[in-house]
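Protein chains: 2
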Amino acid sequence: MTTYAAPIRDMQFVLHDLLEISKQDLSGYNELEPEFTEAILDAAGKLASEVLAPLNRVGDHEGCTLENGVVRTPTGFRAAFDQMREGGWTALDCDPDYGGQGMPYVIGLAAGELFSASNMAFTMYQGLTHGAYSAIHAHGSDEQKATYLPKMVSCEWTGTMNLTEPHAGTDLGMLRTKAEPQDDGSYLISGQKIFISAGDHDMSENVIHLVLAKAPGGGESTKGISLFIVPKFLVNEDGSLGARNAVSVGNLEEKMGIHGNSTCVMNYDGAKGWLLGDLHKGMRAMFTMMNEARLGVGLQGYAVAEAAYQNAVTYARERLQGRAVTGDANPAGPADPLIVHPDIRRNLMDQKSFLEGARALAFWGAYLIDRARLAEDKTADDLISLLTPVIKGFLTDKGFDSAVQAQQVFGGHGYIEEQGMSQFVRDSRIAMIYEGANGVQALDLVGRKLAAEGGKPIMAFFEMIKAEIKAHEGDAALKADFLEPLKSASKDLQAAGMYFMQQGMKDPNAALSGSYDFMHLFGHVALGLMWTRMAAAAKKALAEGRGDRQFYETKLATGRYYMARQLPATAMHLARIQSGADPVMALDADRF
Amino acid sequence: MTTYAAPIRDMQFVLHDLLEISKQDLSGYNELEPEFTEAILDAAGKLASEVLAPLNRVGDHEGCTLENGVVRTPTGFRAAFDQMREGGWTALDCDPDYGGQGMPYVIGLAAGELFSASNMAFTMYQGLTHGAYSAIHAHGSDEQKATYLPKMVSCEWTGTMNLTEPHAGTDLGMLRTKAEPQDDGSYLISGQKIFISAGDHDMSENVIHLVLAKAPGGGESTKGISLFIVPKFLVNEDGSLGARNAVSVGNLEEKMGIHGNSTCVMNYDGAKGWLLGDLHKGMRAMFTMMNEARLGVGLQGYAVAEAAYQNAVTYARERLQGRAVTGDANPAGPADPLIVHPDIRRNLMDQKSFLEGARALAFWGAYLIDRARLAEDKTADDLISLLTPVIKGFLTDKGFDSAVQAQQVFGGHGYIEEQGMSQFVRDSRIAMIYEGANGVQALDLVGRKLAAEGGKPIMAFFEMIKAEIKAHEGDAALKADFLEPLKSASKDLQAAGMYFMQQGMKDPNAALSGSYDFMHLFGHVALGLMWTRMAAAAKKALAEGRGDRQFYETKLATGRYYMARQLPATAMHLARIQSGADPVMALDADRF
Chain S
1 MTTYAAPIRD MQFVLHDLLE ISKQDLSGYN ELEPEFTEAI LDAAGKLASE
51 VLAPLNRVGD HEGCTLENGV VRTPTGFRAA FDQMREGGWT ALDCDPDYGG
101 QGMPYVIGLA AGELFSASNM AFTMYQGLTH GAYSAIHAHG SDEQKATYLP
151 KMVSCEWTGT MNLTEPHAGT DLGMLRTKAE PQDDGSYLIS GQKIFISAGD
201 HDMSENVIHL VLAKAPGGGE STKGISLFIV PKFLVNEDGS LGARNAVSVG
251 NLEEKMGIHG NSTCVMNYDG AKGWLLGDLH KGMRAMFTMM NEARLGVGLQ
301 GYAVAEAAYQ NAVTYARERL QGRAVTGDAN PAGPADPLIV HPDIRRNLMD
351 QKSFLEGARA LAFWGAYLID RARLAEDKTA DDLISLLTPV IKGFLTDKGF
401 DSAVQAQQVF GGHGYIEEQG MSQFVRDSRI AMIYEGANGV QALDLVGRKL
451 AAEGGKPIMA FFEMIKAEIK AHEGDAALKA DFLEPLKSAS KDLQAAGMYF
501 MQQGMKDPNA ALSGSYDFMH LFGHVALGLM WTRMAAAAKK ALAEGRGDRQ
551 FYETKLATGR YYMARQLPAT AMHLARIQSG ADPVMALDAD RF
Chain A
1 MTTYAAPIRD MQFVLHDLLE ISKQDLSGYN ELEPEFTEAI LDAAGKLASE
51 VLAPLNRVGD HEGCTLENGV VRTPTGFRAA FDQMREGGWT ALDCDPDYGG
101 QGMPYVIGLA AGELFSASNM AFTMYQGLTH GAYSAIHAHG SDEQKATYLP
151 KMVSCEWTGT MNLTEPHAGT DLGMLRTKAE PQDDGSYLIS GQKIFISAGD
201 HDMSENVIHL VLAKAPGGGE STKGISLFIV PKFLVNEDGS LGARNAVSVG
251 NLEEKMGIHG NSTCVMNYDG AKGWLLGDLH KGMRAMFTMM NEARLGVGLQ
301 GYAVAEAAYQ NAVTYARERL QGRAVTGDAN PAGPADPLIV HPDIRRNLMD
351 QKSFLEGARA LAFWGAYLID RARLAEDKTA DDLISLLTPV IKGFLTDKGF
401 DSAVQAQQVF GGHGYIEEQG MSQFVRDSRI AMIYEGANGV QALDLVGRKL
451 AAEGGKPIMA FFEMIKAEIK AHEGDAALKA DFLEPLKSAS KDLQAAGMYF
501 MQQGMKDPNA ALSGSYDFMH LFGHVALGLM WTRMAAAAKK ALAEGRGDRQ
551 FYETKLATGR YYMARQLPAT AMHLARIQSG ADPVMALDAD RF
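Respectively, the protein sequence lines represent chains S and A. All letters in the first sequence, in the order written, are residues 1 to 592 by UniProt numbering. All letters in the second sequence, in the order written, are residues 1 to 592 by UniProt numbering.
Hints listed in this document are in silico derivations from the structure and should not be mistaken for laboratory results. Errors might be hidden in some of the hints.
Unchecked claim - Okay, the calculated bits of chain A under chain S, using three or more residues with CB under 8 Å as the criterion:
1. 240-247
2. 325-339
3. 347-357
4. 530-541
C-beta: ideal position from N, C-alpha, C; glycine also.
Model the full structure from these sequences, guided by the hints.
This is the structure:
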């Protein structure tokens, strides 16, 4: 029932007006001219709209099924996955040495938005594979890379990440899965893993599991954990598939959403595995892909909300209900369209101004990852490390809220499954949880990232804001609508950071009690910065008489909405933070 | 998987410490001594915890089914409904002339919280019946009352409300269902109604539909609509059931939640109906029950969230994950319970401080309804009319958010349907939509209720706050923690009202663009007032050395949390309101 159109115009604006990617001095970036990226996004958008979006409801409705140990994906998923493979969409930003197209990550991310928005559950099969590819690419031996990467780049084989166990989620130090070294250098892996997305399915020949497990001598903490490659089918020397490994699907979880993705309980019963990276350094290997993986989840948060928003706009334009308070807008009809009503607009503008800001932040994040990798830019690396928990936590929380708002536009019809709006809400809910629940993101931000490198990255972020304000302070309209709200929001963020520094010394709970609010405060400031930059870029384009005037004026109006109506949240978060630990920690555990 | 315990201690606090009901000079109130209400709540709580709660997941999982035009409810619903009937729980606050127990509404509402919290979908069958009972009781002829009410009080017959049609939701003026007058004084009703909760099922002998329809001569607007009684089975003169009426179930909707309730498309094909109340005055008849119905939905919002909260607390106490930053709390175990972590407490305190404030507001609302009815108190009637959209809109929005937070405590486990946390989120979502979507509540508040009676009710509300502050200003601790935050929040609300008065004259969109924020701003101030009163009541009890000291101290600490951490939202809502209509209305409809 829902439809999806690729927001290519807006993506092009972010890539070229905001980030000016083809002008950046980064390997591969100079090829990214507007015509080139548009062609890519057009083709990806066509696949998303015409193939993946129509399967979204099918996937939700049918779900995956487990029969005799074999997982079947919903009708149409297999054929669509073939189309994705054949179109080369799985290989976009992969290493050409292993069959990839070698494009920058920012392009992979942009295409990923289109796929995730149109069908999140489906796109996860490829997304997980890309994560596993990255881990093997970064930490694998030459032999491992040669064995696994070409097939994973093409998604002939897909990948998974196996972290969680029934009793060990965030606290991986408690995991019990064991790895016993064998004489031939391999390990026998035994244990149970849960919540394994894309854990098994019928769309690829093989599934390459990356499994965290404890090998002897590593001790009890997370520091002693190692990472292993455990293929579903063992791979022969010649690359052909050999025996079935001792790994099986214990159960398929019945979930709130993303029904089209197979979330498995995986049982490892002495399965053959090979160490990936260094022994007892598995967590470090995991963390090197963390920024990318978490950015990818932040992207899911706003991507699904974008799809929900598009359908809400269509409904608000078409559904006739009530009359505009300022006079009939549709006098010939029985009523005016919903979109005439101020509160419907308030709802839609909340969504639109968030979504476009979120896209800018996610694409900027991808650019920073490219810069860190391609130019070995330490400043960019530090900055994206700081921003990662914000992107993951803030964009998924707000993305979910945004999808709920989109559903609300439909009134009672939004609650009926057939309409598809409920699915957006149910699907986007998981993004707040997996890849580190958002409370853990907040803890990472305040407990680790703020103080990292002696606080240099956060100082650099504040300097960036100052510079932005300074660069445009001669522009009176920009000053009133953008620079002053940004300055005020940024002051709130600084005050919060200061509070943590002063109070956190005395009582770590004082900082941690405010961590979640700090993540949201930071998110608003980051989006405020994005909107200020986008406003400046739009004004520049207007001044130069480039392109579609209406597009740039709409961009400015949307930005003004964000600054006027969303940014005031920073003061609230600051007030909550500054109330300290006492209200939060006051009760004994048995008084809740 | 989830459990539910009746929060009787807290209810008793609200009834007796806060509202002091047995001391109120209202008919029937002086019997409501603490021992008496406790006995009632204990018995209702037992039914809720032991019978209804275990059926909650069953109802969600099985849902209702439609076979050959007959709706079947989930396993166990019928027997539970019998228990509810036999226990007299459907008759609690009904008129003794028709078999009711004649208790005040506040007691009916308190019991209703227990039932809705434990099984919202199930309780709706009785709730809808109560609504239809109230309409017939208020507007029916003596003959109609004698025919229908005794059976509806006992829920041998259940009731429904038929408003919405496929093309007409909020805008009831567009409805097409026709009523043709017959010679015998009855009407033939023809048309289609959708989203009819409890529209048909197998738990009662008859279903009494109240149907809005257009009879000749009423014109096209909502003013010409009439309300009809349309029974599923016609009732013979002797009260026995006669022929099947021409009303049938067209479809059973597949919904996001409340699967245990049968949401029907109802087809009326010349069904026999009888006018209820005056011809062409159907909307007025509907509106007389509106305060009660909307208060009931506001109650659902926080009641389901209360159940979710209880399960989140249990999980947070039992789940071992990570270590407290201030030193191991459970050194003998492999990890500390989640509840040691500040961010988990922040999450739980957000829920707890909202829920207890919400309960106070809802119970106060029920008391005001009693006062309006039993003492014909116009001031109370005006005040509850003003508060009704706030109670409905704010408590359901925040109740949903609260359920989402409870789900978050479970991490990945919260996303698995078997755990039951997803159901709380999915069920509570509907409360934001039905009985007037929350945007419509905001419109009602700002567009109608604020200016009602020349603004007297809102002025009276502000006076109430002033008086509360004045009454306790000698108490330094109360002043700092409660009175000052309340004063500040109340100022924000006044400033918002002032803004609407000044700007709304020039541009109605300026007021309507801020209506939703005003509803939330008002909600926070109302809960701030409740918390201030509860804090004063708790201090009084402590000073008098009454009861459980720990309970009252916990109450004070929870109130301090609300004032410090939730009330700062008022400034954000004010800022959003004061940014006016421009950001909201800036875009042409085709630029979204």
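Hint-by-hint comparison with the structure:
no., hint, verdict
1, 240-247, "violated (count 0)"
2, 325-339, "holds (count 6)"
3, 347-357, "holds (count 4)"
4, 530-541, "violated (count 0)"
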